[in-house]
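Q: Protein chains in written order, with my numbering: chain S, 1 to 289; chain F, 1 to 289.
Just so you know, these hints were derived from the structure itself, not from any lab. Fair warning: this is a prediction, and the values are worked out from it, not measured in the lab. Incorrect hints may have been included.
A pair holds if it fits inside one copy or across any two, identical chains being indistinguishable in the list.
Result set (SDA-like, lysine to any residue): computed pairs, CA atoms no more than 25 Å apart in a straight line [to be verified]:
1. K150 - P99
2. K219 - A39
3. K219 - K259
4. K147 - T123
5. K150 - A22
6. K147 - E29
7. K289 - A214
8. K289 - A73
9. K72 - P34
10. K259 - D44
11. K147 - M232
12. K289 - L215
13. K102 - A41
14. K219 - R286
15. K102 - A22
16. K289 - A148
17. K289 - D235
18. K259 - N167
19. K259 - R115
20. K147 - K219
21. K219 - S54
Number of protein chains: 2
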Amino acid sequence: MKHTLRRHALLFAALLLATAAAPTPSDIESSAPPAAWAAIAPDDLVVFDTPRGSFIMQLAPQFAPAHVAAIKAMVRRGAFGGGAVVRVQDNYVVQWAIPENKVVPAAPLPPEFERPLAGLTFTPIPGPDAYADAGGFIDGFPVAVDKAAKTGWLQHCYGMVGVGRGNAPDSGDGGELYAVIGHAPRHLDRNMAGVGRIVAGIEKLSSLPRGTEALGFYKTERERLPITGARMASDLPAGAQPRIEVMLTTSPSFADYMKARANRSDAFFMRPAGAVDACNVRVPVRAGK
Amino acid sequence: MKHTLRRHALLFAALLLATAAAPTPSDIESSAPPAAWAAIAPDDLVVFDTPRGSFIMQLAPQFAPAHVAAIKAMVRRGAFGGGAVVRVQDNYVVQWAIPENKVVPAAPLPPEFERPLAGLTFTPIPGPDAYADAGGFIDGFPVAVDKAAKTGWLQHCYGMVGVGRGNAPDSGDGGELYAVIGHAPRHLDRNMAGVGRIVAGIEKLSSLPRGTEALGFYKTERERLPITGARMASDLPAGAQPRIEVMLTTSPSFADYMKARANRSDAFFMRPAGAVDACNVRVPVRAGK
Chain S
1 MKHTLRRHAL
11 LFAALLLATA
21 AAPTPSDIES
31 SAPPAAWAAI
41 APDDLVVFDT
51 PRGSFIMQLA
61 PQFAPAHVAA
71 IKAMVRRGAF
81 GGGAVVRVQD
91 NYVVQWAIPE
101 NKVVPAAPLP
111 PEFERPLAGL
121 TFTPIPGPDA
131 YADAGGFIDG
141 FPVAVDKAAK
151 TGWLQHCYGM
161 VGVGRGNAPD
171 SGDGGELYAV
181 IGHAPRHLDR
191 NMAGVGRIVA
201 GIEKLSSLPR
211 GTEALGFYKT
221 ERERLPITGA
231 RMASDLPAGA
241 QPRIEVMLTT
251 SPSFADYMKA
261 RANRSDAFFM
271 RPAGAVDACN
281 VRVPVRAGK
Chain F
1 MKHTLRRHAL
11 LFAALLLATA
21 AAPTPSDIES
31 SAPPAAWAAI
41 APDDLVVFDT
51 PRGSFIMQLA
61 PQFAPAHVAA
71 IKAMVRRGAF
81 GGGAVVRVQD
91 NYVVQWAIPE
101 NKVVPAAPLP
111 PEFERPLAGL
121 TFTPIPGPDA
131 YADAGGFIDG
141 FPVAVDKAAK
151 TGWLQHCYGM
161 VGVGRGNAPD
171 SGDGGELYAV
181 IGHAPRHLDR
191 NMAGVGRIVA
201 GIEKLSSLPR
211 GTEALGFYKT
221 ERERLPITGA
231 RMASDLPAGA
241 QPRIEVMLTT
251 SPSFADYMKA
261 RANRSDAFFM
271 RPAGAVDACN
281 VRVPVRAGK
């Protein structure tokens, strides 16, 4: 075992090297000052409970206010309890839903697929975006922008959460949510309402067995992972509220972190890429103190 | 259940619509003529057996001939038998290794991280690549190129396989292989020897429990998925050889397919992206007849 561990530890060893030629992204993350971090507001955190444990979603009300309000209302009246993960499609999405018998709002939700950039602070990645005029970050979320229209939208990066819908743009009701568990399906950008991202426990979803029906839906009820309940973190006792911090994408530390992600120059790397797409920047998230 | 299935079937329904406003990628795939497909040579297919079933890797000798030759030699002398999946890091890689007690070639392998484009046919994606002068495909594999140097290399897309190594560029021996199971870690491009991709059974790897040690290594032997054996498909009885076909990335059907992936215009989509990155094109692969 000793030899085994030593040999394996060698692989991708640079990620652990203290003697790196330049600070690694991990070095920058671990040495970032408190001012570079912000705790996510408990009223923007939804805790979903399952027999595998909980996973936590950070909501993005600044991008989909009506959808986020509808989801919060459903959480607060217990609509997700008795729901389940109904679909797991490899290299695409995990999807969970409220039970069929739960009432969802009758009023259709507006297609909140993009919004004006006015009032938001956009931090661009150093290089081009393959799908839009520019890629970058707003409030810690990966975003792409249309420079002429001055609009922005959430990118479908790994872990991002959107609202399932039918063919009509206003047919999503917030009762079906999906999280990306593969390479970013950017073709969904501006076609779906992005409502947030999983900030804890995504491995409980991404490691689920894949569904065998079309689009990765499970064939039987038995295969589904139950959602035993969902609560707003702000409704939990103060001592029981999860504290999750995100590196401020407007901070100097994040600028250094993004630069390091684009130019890996530690001992392991022969040739820094000189670029990084927003989904591969992977904004640092940590448990708060 | 009926209502449940009907409701769920509505979501992302366009992928199934026969009445789409334009042919979907699936339509193009299913209607592509035989000339648009090529069977992978059995001598380029490695079948890895596990208690979860088999997964199959297509080798890319045109990009890493020495590494591929070393892997084939190890497969043929049974080096992978008794090995295991030792590492599963969420949104990154699954890594499997030969047993510690198996001998690996003493001679170091050359750093086959890129190669001249001469003699290869490169099919570019319609838009820009975030990491290189251009992205596209060669022999069905996602590739990026340096136009000035006239070199190309395999992109680290979902499902692509590379050879683990230490800090020295020639320290990989082929006895540790990793497959990408998350958003493309393109910073590894030109820093690792890409040797192929998983063409069947990747869900058996991507749905494994994530390792809890640094870099996703499993803490105990017990957590590891055993590799009970590996065989070259060409060494199996003719009747037992897997037949796997890949859409020719030089075919008119693939040009149509890639265009449809970049401009989703079926009933579900409000706004076609107008672009697609090579990793999100997802070259069609199917079981051969």
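Q: Take the hints in turn and mark each one as holding or not.
A: Tested hints:
{"no.": "1", "hint": "K150 - P99", "in the structure": "neither (39 Å within a copy, 56 Å between copies)"}
{"no.": "2", "hint": "K219 - A39", "in the structure": "neither (40 Å within a copy, 31 Å between copies)"}
{"no.": "3", "hint": "K219 - K259", "in the structure": "neither (45 Å within a copy, 32 Å between copies)"}
{"no.": "4", "hint": "K147 - T123", "in the structure": "within (13 Å within a copy, 29 Å between copies)"}
{"no.": "5", "hint": "K150 - A22", "in the structure": "neither (37 Å within a copy, 29 Å between copies)"}
{"no.": "6", "hint": "K147 - E29", "in the structure": "neither (31 Å within a copy, 35 Å between copies)"}
{"no.": "7", "hint": "K289 - A214", "in the structure": "between (44 Å within a copy, 21 Å between copies)"}
{"no.": "8", "hint": "K289 - A73", "in the structure": "neither (29 Å within a copy, 52 Å between copies)"}
{"no.": "9", "hint": "K72 - P34", "in the structure": "neither (30 Å within a copy, 51 Å between copies)"}
{"no.": "10", "hint": "K259 - D44", "in the structure": "neither (29 Å within a copy, 38 Å between copies)"}
{"no.": "11", "hint": "K147 - M232", "in the structure": "neither (35 Å within a copy, 52 Å between copies)"}
{"no.": "12", "hint": "K289 - L215", "in the structure": "between (40 Å within a copy, 23 Å between copies)"}
{"no.": "13", "hint": "K102 - A41", "in the structure": "neither (28 Å within a copy, 53 Å between copies)"}
{"no.": "14", "hint": "K219 - R286", "in the structure": "between (36 Å within a copy, 22 Å between copies)"}
{"no.": "15", "hint": "K102 - A22", "in the structure": "neither (54 Å within a copy, 36 Å between copies)"}
{"no.": "16", "hint": "K289 - A148", "in the structure": "neither (42 Å within a copy, 50 Å between copies)"}
{"no.": "17", "hint": "K289 - D235", "in the structure": "within (19 Å within a copy, 57 Å between copies)"}
{"no.": "18", "hint": "K259 - N167", "in the structure": "between (40 Å within a copy, 21 Å between copies)"}
{"no.": "19", "hint": "K259 - R115", "in the structure": "neither (27 Å within a copy, 27 Å between copies)"}
{"no.": "20", "hint": "K147 - K219", "in the structure": "neither (44 Å within a copy, 48 Å between copies)"}
{"no.": "21", "hint": "K219 - S54", "in the structure": "both (24 Å within a copy, 22 Å between copies)"}
In terms of the numbered hints stated before, the structure departs from hints 1, 2, 3, 5, 6, 8, 9, 10, 11, 13, 15, 16, 19, 20, listed from lowest to highest.
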